[in-house]
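**Q** Residue-level listing of the chains:
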Amino acid sequence: VIRQSPGSEERVGVYLSSARDIHRLADEELMQLVRRADPDAFAVVYDRHSGAAYSLAYRMTGTPGAAEDVTQEAFLSVWRSGARFDRARGSVRSWVLGIVHNRAIDALRRGKVRDRPRVDDGEAAERLPAPEDTELEVARREEAQAVRRAMDCLPPDQVQVVELAYFGGFSHTEIAEMLRTPVGTIKGRMRLALKKLRDRLAEEAVTP
Amino acid sequence: VTAREGYGHAEWADSVAAYALGALPDRETEAFERHLAGCAACRAELDELGSAVAALPASVPPRSAPPELRGRVLAEVGREAALLHAAGPDADAAPVRQRRPRWGARWVVPALATAALAAAFVVGDLIGHGRPGTRTVELAGTGAARGAQMRLVLDDGHVSMTAAHLPAPPRGRVYMVWLKPHGGALRPTSVLFVPRADGTATVALPAATEQMDQVVVNTEPPGGSPRPTTAPVMTARI
Numbered sequence: 002v003i004r005q006s007p008g009s010e011e012r013v014g015v016y017l018s019s020a021r022d023i024h025r026l027a028d029e030e031l032m033q034l035v036r037r038a039d040p041d042a043f044a045v046v047y048d049r050h051s052g053a054a055y056s057l058a059y060r061m062t063g064t065p066g067a068a069e070d071v072t073q074e075a076f077l078s079v080w081r082s083g084a085r086f087d088r089a090r091g092s093v094r095s096w097v098l099g100i101v102h103n104r105a106i107d108a109l110r111r112g113k114v115r116d117r118p119r120v121d122d123g124e125a126a127e128r129l130p131a132p133e134d135t136e137l138e139v140a141r142r143e144e145a146q147a148v149r150r151a152m153d154c155l156p157p158d159q160v161q162v163v164e165l166a167y168f169g170g171f172s173h174t175e176i177a178e179m180l181r182t183p184v185g186t187i188k189g190r191m192r193l194a195l196k197k198l199r200d201r202l203a204e205e206a207v208t209p
Numbered sequence: 048v049t050a051r052e053g054y055g056h057a058e059w060a061d062s063v064a065a066y067a068l069g070a071l072p073d074r075e076t077e078a079f080e081r082h083l084a085g086c087a088a089c090r091a092e093l094d095e096l097g098s099a100v101a102a103l104p105a106s107v108p109p110r111s112a113p114p115e116l117r118g119r120v121l122a123e124v125g126r127e128a129a130l131l132h133a134a135g136p137d138a139d140a141a142p143v144r145q146r147r148p149r150w151g152a153r154w155v156v157p158a159l160a161t162a163a164l165a166a167a168f169v170v171g172d173l174i175g176h177g178r179p180g181t182r183t184v185e186l187a188g189t190g191a192a193r194g195a196q197m198r199l200v201l202d203d204g205h206v207s208m209t210a211a212h213l214p215a216p217p218r219g220r221v222y223m224v225w226l227k228p229h230g231g232a233l234r235p236t237s238v239l240f241v242p243r244a245d246g247t248a249t250v251a252l253p254a255a256t257e258q259m260d261q262v263v264v265n266t267e268p269p270g271g272s273p274r275p276t277t278a279p280v281m282t283a284r285i
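Protein sequences appear in the order of chains F and Y. Residue 2 is where the first sequence starts when you use our numbering, and the numbers rise one by one after that. Residue 48 is where the second sequence starts when you use our numbering, and the numbers rise one by one after that.
Think of the hints as simulated: they come from the structure by calculation, not from any bench. Hints are not guaranteed to be accurate.
In silico negatives: residues of chain Y with every beta carbon more than 12 Å from chain F [to be verified]:
#1 Arg51
#2 Val63
#3 Glu75
#4 Leu96
#5 Arg182
#6 Asp202
#7 His229
#8 Pro235
#9 Thr249
#10 Ala251
#11 Pro253
#12 Pro273
#13 Thr276
Ranges of calculated distance between the beta carbons of each label pair, as one might list FRET restraints [claimed, not checked]:
#14 Leu193(F) / Gly118(Y): 40 to 46 Å
#15 Ala91(Y) / Arg181(F): 14 to 20 Å
#16 Asp87(F) / Arg126(Y): 23 to 29 Å
#17 Asp153(F) / Gly270(Y): 54 to 60 Å
#18 Arg81(Y) / Arg181(F): 27 to 33 Å
#19 Ala133(Y) / Ala89(F): 21 to 27 Å
#20 Ala89(F) / Gly85(Y): 19 to 25 Å
Beta carbons are placed, not taken as given, at the ideal position from N, Cα and C, and that holds for glycine.
Chain F on its own, in the form it takes in the complex (with noise of 0.2 Å):
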């Protein structure tokens, strides 16, 4: 099912009849292309989100190979089901990100990188230099910052589950048997710093 503004279509159309205006296009109209299958729409989202995309599953996986593998998966599975995108429920961003957290996890819980090492997130090898002060690339690390503060609002136990969780993949079972702590306080805590979290942001007007 396609969602779509009343003429949007047309825009869309009118675009495509130049390679280079697709540049300009908002993801989600992009994504009515990639629906369509228009591989040139495909790769300018590629372009605008494999940055974010990779570095969480380096983040999650710890290893460029299993960063790569994860990826590619998640880039070709929103190629592959681009129809399921629903503009009502998030940004293209958020979408992308959300597949590849899903596929992430996967990797985690079959086992293949499991036996990590963690990512030490002060190391700078491979990090990204600092990208041209573009007023979105500003205000992506405004919003980075605005959640790291936020973060590091929380009480430490409670940044402890939501990173084990997240970023490690851990149910809240394992999670538990791994703190030596009842599964219900495990939930808690998540709860308590989603909570915070989303209000912390708000107060700061991330909306991502």
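For chain F, the structure is supplied; the task is to place chain Y on it using the hints.
**A** Positioned in the frame of chain F, the structure of chain Y alone reads:
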């Protein structure tokens, strides 16, 4: 139980955050999703907590994806786009199998591995034989599958396909059946198969096959694909 809270809400209410983080054990996920479908209160909380989860990737140190990865992904996409356009104007509109938000049901087929081959089947002729109401379409393989014979039997809502002398698919591939309605898109089916060691195979096709215009067979990875990724295969006209 209030109007907003679905059955079993007390049991599941504290699992929303774990679900949002992807941290429910596999066995609990499906049960929770069933509860979620009937519980407005949990859906509202999931929306609320989900916005915090969606922000988490922004906290990750940025890295650049390797340029070779871009090349690999775009090359595969380019190949699939070419195949889709070759398969017809509606092929790209093929409905996609729904993957559940987290762990989707996966098709399970035995993966056999042998020599690579390009299997294609030519258009079959409709042959009326057998008892009244039964139709049979014969298909012959070409290329590496030249010796193969396949037969489609349509019998009052029951559709089956048998094969003989069918070579094993290429390593890491299985045969996949696609359906194309008249004037419509190429649709994936859940029919994935590999022949027995003696080259025979028997598979049941969806009853909807009878209303279709064409049946197509190609080779795909073991999980199947939502869209054809290898040469669109032969077409048997129903």
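**Q** Looking at the structure, which of the earlier hints fail to hold?
**A** Violated: hints 2, 3, 4, 8, 12, 13, 15, 17 and 19.
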